[in-house]
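S.K.: Chains as they are written, first to last, in my numbering: chain H, 1 to 179; chain V, 180 to 291; chain L, 292 to 793; chain D, 794 to 934.
These aren't lab readings, by the way, just hints derived from the structure by calculation. Warning: the hint list may mix true and false statements.
Unchecked claim - Heads up, simulated DSSO-like pairs for lysine-lysine below, C-alpha to C-alpha not over 30 Å straight-line:
id, chain 1, residue 1, chain 2, residue 2
1, V, K200, H, K21
2, V, K277, L, K402
3, L, K653, V, K285
4, H, K171, V, K285
5, L, K767, L, K660
6, H, K171, L, K653
7, D, K890, H, K118
8, L, K738, L, K723
9, L, K653, L, K745
10, L, K745, L, K720
11, V, K285, D, K929
12, H, K118, L, K495
13, L, K698, L, K660
14, L, K402, D, K799
15, L, K720, L, K731
16, D, K929, H, K171
17, V, K277, D, K929
18, H, K170, L, K495
19, H, K171, L, K495
20, D, K895, H, K127
21, H, K171, L, K660
22, H, K170, L, K698
23, H, K119, V, K285
24, D, K929, D, K799
25, L, K698, L, K720
26, D, K890, D, K799
27, D, K895, H, K170
28, H, K119, D, K799
29, V, K200, V, K285
30, L, K723, L, K660
31, V, K277, H, K171
32, L, K738, H, K170
33, D, K895, D, K929
34, H, K127, D, K929
35, L, K745, L, K723
36, L, K653, L, K698
37, L, K745, L, K402
38, L, K653, H, K170
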Amino acid sequence: MELHILLIFMIFAAIVAIEVKDLLSSVIAVGAVGFALCLAFLILKAPDLAITQLVVEILCLIILIRATIKKDLPLVIEGRWVFNTVSTLAFICLFLFFAWTALRELPRFGEPMMTVVKKYLSEGVSKTGAVNLVTAVILDFRAYDTLGEATVLFTSVIGIMAILRRPGRKKPEDIDNAR
Amino acid sequence: MILYMLCLMLFCVGLYGVLRKRNLIKIIVGLGIMEYSMNLFFVLLGYRFHGRAPIDAQDQTILNMVDPLPQALVLTSIVIGLGVTALVISIAIRMYEKYGTFDITKIKRLKG
Amino acid sequence: MDTAIIIPFFVIIPLGAAFLISLLGRYVRRFSEIAICASSLFLLVLCLYARLLLHQATDKILVYKIGGWVPPFGICMVLDGLSAFMLVTVNVVAFFIALYSLSYMEKYTDKPKFFTLFSLMVCGMNGIIVTGDLFNLFVFLEIASISSYALVAFGTEAEELEASFKYAIMGSIASSFIFLGIAFLYGFTSTLNMADIARVLSSKPNAWIVPFVSVLFLTGFGLKAALVPFHAWLPDAHPSAPASISAMLSGILIKTLGVYALVRIFFNIIGATHNYLSILMFLGALSMLVGVILALSQWDLKRLLAYHSISQIGYVVLGIGLGTPLGIFAGLYHLFNHSIFKSLLFLNSGAVDYAAETRDLKETGGLAKVMPVTGWTSLIASMSIAGIPPFNGFFSKLLIIIACIQKGYLGYALCAVIGSILTLASFMKVQKFVFFGQLKPGFQNIKEVPLAMKLSMICLAAICAIGGLMLLPSLKFFLDDAVNVLVQGTRYAASVLGGTLN
Amino acid sequence: MTLIVKTVTRLTVGLILIFGIYIILHGHLSPGGGFAGGVIVALAFVHLMLAFGEDVAVSKISRNLASHLESIGALMFLGVALLGFLGGSFFLNILIKGSPFKLFSAGTIPLSNIAIGIKVGVGLFAIFLALVILEKSKGAK
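Produce the complete structure using the sequences and hints provided.
M.R.: Here it is, written out as structure tokens:
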């Protein structure tokens, strides 16, 4: 039950974040969604995720607030506003309808199938020595994924450094000197 | 079932923001909301009623643990989300520096 | 020793190169250049060696279990005919582009970062190709995508940033759909190994969830591959990047992230039914025509080439969507050919940009006189893409058209012919305005590009010229093995799991 | 920032850092792990930077050092992965598993956690530093 309330709160906060005019309020509303998500993870018995979500949320918020503070938001209403909005909403309704038909075939909430996972639960501690089974999965059974994850972060750090450097191109006379 | 549906509705709110808003920061906010809902959806799939967190305790045997695999995957997904968000924010900051605005209708130089 | 041990090195080598370049690139002079050349050359040799090993393997499939965990409990890497084919395509093109970038990137600051990102992109693509696990595919897809977002904005000019932002947003939406599809599949089958998912799905026929998941994957990978309703980002992103990255994106990235992943999932996991195939064919034919029609009116050289990428991806998808062995053969053959000649064309446009500092067709002219190597190689590439007989593009397009007629789809065959004629027209325009005709004043003094750039263009042109030889019976196994993987469909599961369970 | 903020920061920043390191080291025993701990370490430096300005933070860890440490962390993780080849397989957990519930157990998992922690901590700090330096140089121009 508490999950339903949290989710409804998250949807409302998300709508506020999307629709509010002030950018700073929007960023703070998205922070509310993130912290509600952190609580939801706790209720769903995922403490690892709750910790990670909390700290990532803080970091994202700091970066977003630094990016938006003292910046403008002109209110934009372009032509064909009604048409575009209606078509987007229609697409979303269609998506939700088909998702509804597909969701009926998933196992019911709270009763996952857990075919592969049974082995993790029964042999995880003895095979890997890690008591925290989530760690056992991410750093032993599926450690290759984690190598990928670390690489994603590395890529984005290098990418950000590349984008934020200046100047991006050499001046023509520098190239001639190099030749 | 209702929970899954609410979660997908959250996804759609984010999608609406990305597709319809004309401000770079709002688009980034929409992406963030989409990521949250995806992560939540995956974790919901692994929950068991009366489940316990997947961490063994020293003095008792824990039965009925929740599924640790979606949690591990979502951990990866959160990191990927952080990487993408940070990259997109830095692009947006550079664009603000060049154009002096976050408004996409004033930025449009390229026509796809 | 198990021969499958070479598979992880397709990921380890570029990854190690990237980390070392970012650590040492700024201090050791020329370290980044040497490292990138060595690693891509080594990868090239390794993928040819892997192809050879595969030829000797009993079932034409090699499976490597990471960490010794038996799938589906751990992640496995799979090298079969299709992956070997894609690996050869990716690494051949990546090697020549790396060679080209050595000189071309002199214009930009901070070369080590460029080569780090380049290496990470190759790592992401190789990771996608060799993986046998659905979530792992998503992770490596993100590595390749994130590095490409950053590389598109590498020049940090206003338009590059805007194109990169658009690309990043579209790419993130695509990734979200793919992730949602993976979540649905995990909830339904409770496993992530691709072969295992195929096994579980085949035991549960007529599930409503499968079409829904296929639509999610089609949207996601279609966005990555820039099929027509989802193509809006490509004509901005590809021209804005540095030329070597445009070549990389158009040549191999959209094929690996889009076509390969889509085909692998549709044919080997979900199972290609008639409905999916007709959707693929329709999207392919649509992209083919829309791309080429939009390309006709372009005057920016790189933007014109970008629209042609959409059109040529359409040919590939149409060929594969036919579902017959000949159609798949033609589609994959065209994929290989297109990655060669389209990257060559982008490298040519980069050379023009490098020497003449413009890519507007109205401003250039007669450049073949002052830049003979660029002129001749681009003539070969243009004839290839337009389908003039001795070059490789002709054979693959002809095979696609024959396969269409064989299956009875005369309309699609007609579309392919029309598309080919329009492509020819559009490239005659390029040749006329850039390389032939009167040399415009102001261009008299420009010089031919440096040696490394010339060398890589000549090698790619040579591959274009002799590409038709791949149809010879002694070399045909290269494509035939890839086709067999797709034709056997969901029996993929048995060949992957069968090799590992005992 | 005001004196109150600076004083509180001085008191808490060390605690945050130690907590981050604790989370990294105990990843295999309790919730958390290399990633969460690494972000907490990064947040400690960000906290310092927000309170005292970037000069103080940069004096603790410079931008070059940050990017080097990040590459070293990444190489270390790849090294842990390659270590598995000694036992015959990529990513094989070859060290002794030890007894569960002890700090020194679980073979290579704590090593991987440390590597990820270093990488994530300095990597995110480097992102933040780059953003701040960009804004500062814009102001100077």
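S.K.: Of the numbered hints stated earlier in the document, which are not met by this structure?
M.R.: 5, 13, 14, 18, 19, 22, 23, 25, 26, 27, 28, 33, 34, 36
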